[in-house]
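Order-wise, the sequence lines are chains A and B. 1 is the number of the first residue of the first sequence in our numbering; add one for each residue after it. 1 is the number of the first residue of the second sequence in our numbering; add one for each residue after it.
One should not assume that every hint holds.
[Stated by the list, open to error] Taking lysine to any residue pairs in the SDA-like style, the calculated list, with each CA pair at most 20 Å apart, reads:
| no. | chain 1 | residue 1 | chain 2 | residue 2 |
| --- | --- | --- | --- | --- |
| 1 | B | Lys84 | A | Thr147 |
| 2 | B | Lys84 | A | Glu108 |
| 3 | B | Lys40 | A | Lys123 |
| 4 | B | Lys40 | A | Arg165 |
| 5 | B | Lys52 | B | Ser83 |
[As the list claims (entries may be wrong)] Covered by chain B, per the in silico footprint, the following chain A stretches (three or more residues, Cβ under 8 Å):
| no. | stretch |
| --- | --- |
| 6 | 10-22 |
| 7 | 30-41 |
| 8 | 60-67 |
| 9 | 163-171 |
It should be emphasised that the hints constitute simulated quantities derived from the structure, not laboratory data. Owing to the predicted nature of the structure, the values given are computational and were not obtained by experimental measurement. Heads up, the beta-carbon is just placed ideally off N, CA and C, and yes, glycines get one too.
What follows is the residue order along each chain.
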Amino acid sequence: MSECQSYGSCGHQWEMTNIQFGFVVFEKCFHCNGLRTYFSMEDVAILGDKYREGDHFWSRVENAQSFRFDLQCTRCGHLEKFEDMMGLLHCTGCLPDCEVEIQRKKYEAERTWILVAFGFLPKSKAEPIPPGKLDILTDYFNQRRDTSRSRIKIISFNLIEDLSRCRGDFIHDVGMLSLEPPKERKPLF
Amino acid sequence: MTTQDLIEKLGLKALSKFEHRNVDGVFVSDMLSDVMAGAKSGNLWLTVQTHKSIVPAANLVDVSAIVITSGKDIPQETTDLASKYNIAILSTELPTFDLVGKLYGLGVGAK
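Same shape as in the complex, but just chain B (with noise of 0.2 Å):
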């Protein structure tokens, strides 16, 4: 499963200039702290934080895409960090519980 095929699959709005990658397990969290001790690389991280400094986090542990879940506001300094680190940030309106389902059911699970 790649960036590329989640979007389509799931509707997810790409906010950010990256190049499509593979994904390899989801990690949910809202706290840097604890996605820098377990994110794995390739995995596809769900928060709800919003604040640059998950893009230099993202890119620390290699992660497939950042999913903005519950269709949070997303600042444009944010966007903008994250397409110079060529890291994915994508949105959806659906809760982080909903999105995780609907990865369950593609066969997305965490790694």
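The shape of chain A in the complex, shown without the other chains (with noise of 0.2 Å):
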């Protein structure tokens, strides 16, 4: 364990590390409706690849390009690891009552910006990203932006109680195989 685990007087200065660029790939089984996601590092992944497994049949239906990384503090050393990470979203307001636009209106009147983040399908669902590992993550932004102007926070996809019905825009990268970005995107759920 090093000293500022142990003592918790660190006072932590993330910086990114193990940085790794690839896809985040969707899958939906047309048999039980299913969605799950994973990260790929391939350098082709091809949309509408079909394959079974058990009693489901998945079917590839998305795939944006992103990356996966860590957080070290630049201190003490320690390492937190963000590989259950998917990526984050931004709310867009598309549910008065969700929990998220809740928490998005009432941040946003301290300029403090929300944004979503998801663990990979489905096994964020059952077992979330810690609490801890978010503020750390919103600490990691706070700590390179000039937070007289604003600040950010990190809180957990968990809070919207149905995802079927989100609206919200995930930050990656999708049809940047074209030269015009596309005019409107799919929902993920």
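Using the supplied hints, reconstruct the complex from the two chains, each of which is provided in its own coordinate frame.
And the structure:
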């Protein structure tokens, strides 16, 4: 255990490390309508690929160029791994009764912008990213910005009651093989 | 150097509502993941991407402004979202390469 973990006095200064670029792959089962996501470093991820796995018939429905990373404290060397994080979503305020939208309005009054962290599905529905890790991510983004202007707050996607109704906007790269960005993105859930 | 200085010196067009601020370095990329992984607070972000998701990415890393190069058409929803977040969206007819050269000439380099 590092000194800062032992005494909690480090006041971590985070930097991004172990950056790996790849794809977040979205697959749907046309048998049970389940959705699963994972990170892939394949050079060419092919949409429409289908395969059977037990009772599931998975079909690749979306690839998004993305990256994964860890955060490391520059003072004490403590490493916090984020391999379980799929990405960040910008809330578009689509559902007035959604807890994320309620939090968004509350925090925006304080010039704090909300972003929603997703873990990989379906695993993270049962095992969400721990709040302490989201606080570390919040600290990382705030440490490198001018917080007198505004701040960032990362919250968990588990606050979204019904993913199938969410029309939030993932911050990831889609349509990168086109010179023109897609006019409209398909809902992912 | 501030965003106001750059607008005046380079003839950039301001498309959103924002407060001027200091520019500290330049980051060139058309990938949001690249920006989130590599851009620094205060950077001027040069891109040809115009989708509205550039705004939360820019906000996340606290860039000083997004400059859309090559005269790309920018959707209204992108500039509206940028205004809401106090993010500067500037545009130019110049290709990215030419703009980088002019920025370098003004002493604004990578940070």
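Tested hints:
1. B:Lys84 with A:Thr147: holds, 17 Å
2. B:Lys84 with A:Glu108: Holds, at roughly 10 Å.
3. B:Lys40 with A:Lys123: violated, 32 Å
4. B:Lys40 with A:Arg165: violated, 34 Å
5. B:Lys52 with B:Ser83: Measuring from Cα to Cα gives roughly 12 Å; hence the hint holds.
6. 10-22: holds (count 3)
7. 30-41: Check failed, 0 qualifying residues.
8. 60-67: holds (count 3)
9. 163-171: That given contact holds, which follows from 3 residues of the stretch 163-171 of chain A lying within Cβ reach (below 8 Å) of chain B.
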